[in-house]
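Protein chains: 2
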Amino acid sequence: METTSGLQSWEELENLLKQKDRSQLEAYIETMNAGELVRAIFHLSKDDQIQLLNLLSPDYSAYLIEEIPDAKATELIEELSADKAASIINEMWSDDQADLIGSLEEKSAEAILASMNPEEAAEVRKLISYKEDTAGGIMITEYLAFPETATVGQVIYDMNQHAEEYSDYHLQYVYVISPQGKLVGVLRLRDLLLTKPSTLLTNIMIRDILSVNTSETLDGLLAFFDDHDFLGVPVVNEKYKLVGVVLRKDVLEAEGDRSDAEFMRLQGIVGGEELRTMPLSLRSRRRLSWLSLNIVLNVISASVIALYQDTLSTVIALAVFLPIISDMSGCSGNQAVAVSMRELSLNIIKPTELFRVLWQELSVGIINGVVLGILIGVGAWLWKGNPYLGLVAGGALAINTLVAVGLGGSIPLILKRIGMDPALASSPILTTITDMLGFFLVLSFATLLLPMLT
Amino acid sequence: METTSGLQSWEELENLLKQKDRSQLEAYIETMNAGELVRAIFHLSKDDQIQLLNLLSPDYSAYLIEEIPDAKATELIEELSADKAASIINEMWSDDQADLIGSLEEKSAEAILASMNPEEAAEVRKLISYKEDTAGGIMITEYLAFPETATVGQVIYDMNQHAEEYSDYHLQYVYVISPQGKLVGVLRLRDLLLTKPSTLLTNIMIRDILSVNTSETLDGLLAFFDDHDFLGVPVVNEKYKLVGVVLRKDVLEAEGDRSDAEFMRLQGIVGGEELRTMPLSLRSRRRLSWLSLNIVLNVISASVIALYQDTLSTVIALAVFLPIISDMSGCSGNQAVAVSMRELSLNIIKPTELFRVLWQELSVGIINGVVLGILIGVGAWLWKGNPYLGLVAGGALAINTLVAVGLGGSIPLILKRIGMDPALASSPILTTITDMLGFFLVLSFATLLLPMLT
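The listed protein sequences derive, respectively, from chains A and B. One rule links them: number in this note's numbering = place in the first sequence (from 1) + 9. One rule links them: number in this note's numbering = place in the second sequence (from 1) + 9.
One should not assume that every hint holds.
Note that the list lumps identical chains together, so a pair holds whenever it fits in one copy or between two copies.
[To be verified] List time: in silico DSS-like cross-link candidates among lysine-lysine, alpha-carbon distance up to 25 Å:
| hint | residue 1 | residue 2 |
| --- | --- | --- |
| 1 | LYS359 | LYS55 |
| 2 | LYS116 | LYS140 |
| 3 | LYS29 | LYS191 |
| 4 | LYS250 | LYS29 |
Derived from the structure by calculation, the hints contain no laboratory data.
Hey, can you work out the whole structure from these sequences and the hints?
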């Protein structure tokens, strides 16, 4: 966005920061949409980013912290004083508070919790104890609950009294609880408006109420909101006590984060998140941790070549086909990995349906193996005028494609079944095997046919 | 899910299908959640799937069609008679109708449109004309709009008269339009309930109303719903006439579909969607179309090896390092591709910020290149006892890593800038270049140092 003054938006922010003009800064931020704001902030130096958070009032800083990616938010909050950080975090939603504080180093987290309003701090400590990507980890605690003995008039009076406090709440539903805190009913806001004030909640509430347990998984929550067109669902603990509300939008957001992280891990970014503004040493270390594993796997598969050096030096043309065959099979296998990953995430297949998937992949593998094998085989024949070279290269590619496709379809299911993350491990396991096998097939076929190749 | 009878849910479905018992089938489907239903349907034979759609009443069939993945829905609808398909599609939301009919072959689409209620068919034809992933393509046309001269009482009377028809509408907002159909205001449902029936809409409506244009992009809509906590936004055409409503949940769903397709394309699944129940020939053909391109790229890069056959046959140990160096650089480059893809989708970087990204990647590239180069160089030295072999392998890997990381970071930005899809093309372009360069570096360094290597 270019401003009317012709400056880029981050240059405008820099200027206003230099003038330390809080109200102008806030007015300017109001004019930006979320995307522009995030981009502008990433253009500021880290010192300016911190100064900005210190200068803005806590509600503006909280908005800013909620908009930027989590890893960046954590990095900046660590740099603030505990008091300042606490004042910002106080302005956030309970689920975001827990996520943010849970991602801080323990020392900073403790300091901030000690500076927070004690009631909110206790809430956050409880929320942190739930696993991420469960109902307990995703739920918010800003909801309204009243005893069944309350009247409609009392509820409306309470809502008027606390209008400001509740202004940010999601008030689509009002929950009704027993004296022990158990969830007994729910009311839509419109039911309150259309009922006489003296009516008891117990007389108008919906009793047949759906809820989820704190340990409900993200997949379970997605299925729930797929089935029910609700904006939120109440969360109960093992004693059926109401402890929070999971909002549809937070579930969709959590799923988006999960699939982003899966995508990054599949490309070898350990931890699932990297921003280029992170410290160089951290980015370099995270990427290297995966590359170092990869180098070991690569050396293992290349060692097959070392075993066949004699054959290779006799028919040096084979060296041209080694990378082609290993790379092509890797691609074929990764296509099958992608289809399995997607069918797993769409819930179309379960990890136990290995043989069905294997069968369906092998039929594609045979066709594609034959087609690609003929292509490369004829190419090799024409190049060197030797049909046996074509047989070696084409046969190796055909068999290796079949194996790669079968493995690619199966590996994600097997990993999922033994409780490993298929996004991180599928591709390196697959390509190590197909590289080794590809080298072995080419070189052992060539060794067998050596008299005809020279 | 196992049923009380001990049968798997698809076996139960098969049984009920054999008995042709519609009401029992529908009752049984009511007991399943969406995930179970989809999985069960994928276990049925295609004939059974079609028979199920023919047997169920149209609203159940419509529910089923909306739950299964789009490609499967298209496949099944093509198999039904135009009348049956039309009766099912009549029950769907306007945006889903347009998506489904737009994905059919033209002949089937025309036959179904001819069998549909003419008014709905005209609506669908209009919706299909909008581009997918724009406000026009995502919007629904089931909304309520009244003239500004109507009274609150008239609106409530109309809503009561059409209660059944409107029962599925999203009625969070009621729109107010001018005699020319222009959008002039909006009312929340609760405003209607709290106002005297004789009040004119023009007197209570909110006039300061946000809307989007039919051509608004998916990214624009995501930013809009990020900024505004609305459940929907009205869509206007270039004359500011109200033509539809985009719901927040449909925008989030469209984004999920888009990133799924991006993931699949990055792994070489052309078209972005493949289900294992698709016809074998289609699956095989789609995968081959990308693999055939890949084989050409592979042959191009391997041809570098062919140029250096003399060097290679003199120092055959080099053959072991060729795949290691090309594969490792490919991995390093793909990490940078993944970070760029994500930063683009998070709106943190713009395609024009090439030099900034290049600079940030090159610093990682230097560190990782040096570390990996030393690792492989020392390994090569120890293996053959020749420090020059280590120098060749390590030097080639270090330089190739640096180039791969720089290219990997830049290519997605360049492709995006020239209007190509970075998800499909980034990785093959990258690995072709890094393979060629890797082979060239190893073999040309070796040629220069040939006397020291033998």
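We went through each hint and held it up to the structure:
1. Taking the shortest Cα distances, LYS359 and LYS55 sit within 25 Å of each other only across copies (20 Å), while inside one copy they are farther apart (46 Å).
2. Taking identical chains as interchangeable, the C-alpha atoms of LYS116 and LYS140 lie at most 25 Å apart only when both belong to the same chain, with a minimum of 20 Å there against 52 Å between chains.
3. In this homomeric assembly, LYS29 and LYS191 never come within 25 Å of each other (Cα to Cα): the closest approach is 51 Å inside a single copy and 44 Å across copies.
4. When the C-alpha separation of LYS250 and LYS29 is checked against a cutoff of 25 Å, the pair qualifies neither within a copy, at 48 Å, nor between copies, at 45 Å.
Checked against the numbered hints given earlier, the structure breaks hints 3 and 4 and satisfies all the rest.
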